[in-house]
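Given chain A, put chain B in place with the hints provided.
The lines below spell out each chain.
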Amino acid sequence: MNGRWLPAANLTASGRPMFLPGEIERALVSKVDLEVEENPGLAPLRAGLLSLTTHRLIWIEESSNSGYCIPLASLIRPYPPKKSIRSMFHSPRIHIQVKASASGRIAEEGPKSEMITLVLRDKCDPDGFHAKLVEVWRSRSWEVNQRRSDVERLDSREGGAGSGHGSNSSVISTPVVGVSGLLMKEQEKWESTDKSLQEAFQDLNALMGKAKEMVMLAEKMRAKLLSGSSAQVNTANDEELGSKQEIQDWFLSVGIVSPVTKESAGALYHQELSRQLADFVGRPLNEAGGMIALIEVYYLFNRARGTELISPDDLLQACALWEKIDVSVMLRRFDSGVMVIQDKVHSDKEVFERIKSMALKPEALRQGVSPTDAAMTLGIAPALAKEYLLAAENEGLLCRDVSPEGFRFYLNLFREIDPRCMYSVERSGLFRSWLSATAVAS
Amino acid sequence: MQSLGNFKLPQFFNYPPYFTLQPVRETREKQIQLWKELILDYCRSQKIFIIGMEEEFPLFVNPVIDRSLSYESREQFLNVLVSEGRAEWMDKGRKKCLILWLRIQDWADCILNFVRENGLENSVMTVEEIRSGMESRGTELQGIDRGVLMRALRLLEQKGKVAIFKGSSADDEGVKFSA
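Residue numbers (the UniProt record's numbering), protein chains in the order written: chain A, 1 to 442; chain B, 1 to 179.
So that you can see chain A by itself, here it is in the shape it has in the complex:
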């Protein structure tokens, strides 16, 4: 493997990075090479997607769905992109100096250091990326997390976690004399306003930090709930199941820690959104039995994103991109125009079996099944239930009855009747069960 000199990064099935607790994606750049010019022993990584998060630089090779990361903790210094005549013809390069272990692997602590070059081959704003990198690196948010995880070791670590911007807090002790003194006083005034402003923002940061804790708590509860419900789903009675379902629904909304935004992903927005959506719909899909209406996904997804809402059009575009990337879900458009998201492995057969057993109940044999009945039995939206019934009709499983009372579906008995002996009483199984069901009624 090329990237053995970098720690591996875990990816989701659809190729999105798996974020660490508290990690948030800040920027995405495509077609980035990672090179180590001074050490030819470390093979360069070519043309991958580079994701800058609050904790790491994650390099993703889309073809093999593998990823490597440079923890920002190991970063010693990022150098700005060089401005020279040469850079006009070359792709912009950002050099970063990182710590390495004695064996040459990139690590958070190490005696050696390596100079890694980020070659940005795609059209992008190298200065902007560098600025973001510096900003993220200075804010040291990975330490915030470490501090939370092991409080005892906190005192051995360096202070200044979270807030950063240590350079601004220097104390001014120059005597106030003359014009320069007045200027200095003015400056001091400026800086104190600046400082109070920053303190205000720090309060905000603290609030956000607390919010993060709440999210973590909620996630923990959800995880517990999920494991609990799967273990004793058989024994729990309906009421308990109902309340659990309710709480589960509540917690579904804390699904996405680092939503893909137009700001962070730029031109790659739809592609990354598409991957994130593919990861996200997995569970709702499972709960809905492998198919879920697009409108429902829109609502669930946006609820999970919290404030970074997406438009219906963005959702549709993200779904349309699934055709191009290798994910386990697909967008399906029914003849009626209703769009749903469907699991690729999910088969209609399974649903048809459920519809069949539903249609075989004496009540359904007598009165047929309406889309509303089917929605209740299958636990899906009525519009979707109707699509299923129509699909089952198309398969020859059901047939329709349109009357002033409405649109109902019956088990298809036409297949069971032999036109050459229409009047004979002896018939195969399905027809018999229909006869006995209707005989009870009359």
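I should point out that these hints are in silico values taken from the structure, not numbers from a laboratory. All C-beta atoms in this analysis are idealised placements derived from N, C-alpha and C, irrespective of residue type, glycine included. Worth double-checking, as some hints may not be accurate.
[Unchecked claim] Here are some of the chain A residues that sit facing chain B, going by a computed Cβ distance under 7 Å: (1) L390; (2) E393; (3) L397; (4) R400; (5) D401; (6) G406; (7) F407; (8) Y410; (9) I417; (10) C421; (11) M422.
[What the hints assert, rightly or not] Not the full set, but computed from the structure, chain B residues with beta-carbon under 8 Å of chain A: (12) N6; (13) K8; (14) Q11; (15) F12; (16) Y15; (17) P16; (18) P17; (19) Q22.
Only chain B this time, still in chain A's reference frame:
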């Protein structure tokens, strides 16, 4: 089992989807086939030759399950019968349909059998006698539609099996059966 007059209806007559034209091809073909057979059987047993699209037809209504065939489905079922030579539209507006539960050729054979069984070779009958005479009582020919009968006779005439000659009025056309 349900019946219409002395005609016994099949059990699936109470199956509600039977009265809704099915949109899925395979199912619809089966449904049409069942309707086709039922229409022919019913017409034959009740000696019905003409189905008027604008008149009520007992077979197309099932009061037990409160269902009836729509105009479109009735037209479609009859159209299929027409395309198979088992029925004919009698007017351009498709308001009346002649049902041929026996094809003209079959009717012609029927007449020849009738002649043979009753020893009517070389004798003469009026058309009206064939339809309602003593000899035809209890046979398929009893109450046959005049138009259908005439067409069968003309077919036989072409083959030289009968000779049709005109009487003084349309009512008493004569038929001479050849040996």
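Each hint tested on the structure:
1. L390: violated, 9 Å
2. E393: holds, 6 Å
3. L397: violated, 10 Å
4. R400: holds, 6 Å
5. D401: holds, 4 Å
6. G406: violated, 11 Å
7. F407: Violated, because the Cβ-Cβ distance from F407(A) to chain B comes to roughly 9 Å (cut-off 7 Å).
8. Y410: holds, 5 Å
9. I417: holds, 6 Å
10. C421: violated, 9 Å
11. M422: holds, 4 Å
12. N6: violated, 14 Å
13. K8: Result: holds, 6 Å to nearest chain A Cβ.
14. Q11: holds, 6 Å
15. F12: With a minimum Cβ separation of about 6 Å from chain A (threshold 8 Å), the hint on F12(B) holds.
16. Y15: holds, 6 Å
17. P16: Because about 4 Å separates P16(B) from the closest Cβ in chain A, which is inside the 8 Å limit, the hint holds.
18. P17: holds, 4 Å
19. Q22: holds, 5 Å
Of the numbered hints given earlier, the model fails hints 1, 3, 6, 7, 10, 12; all others are met.
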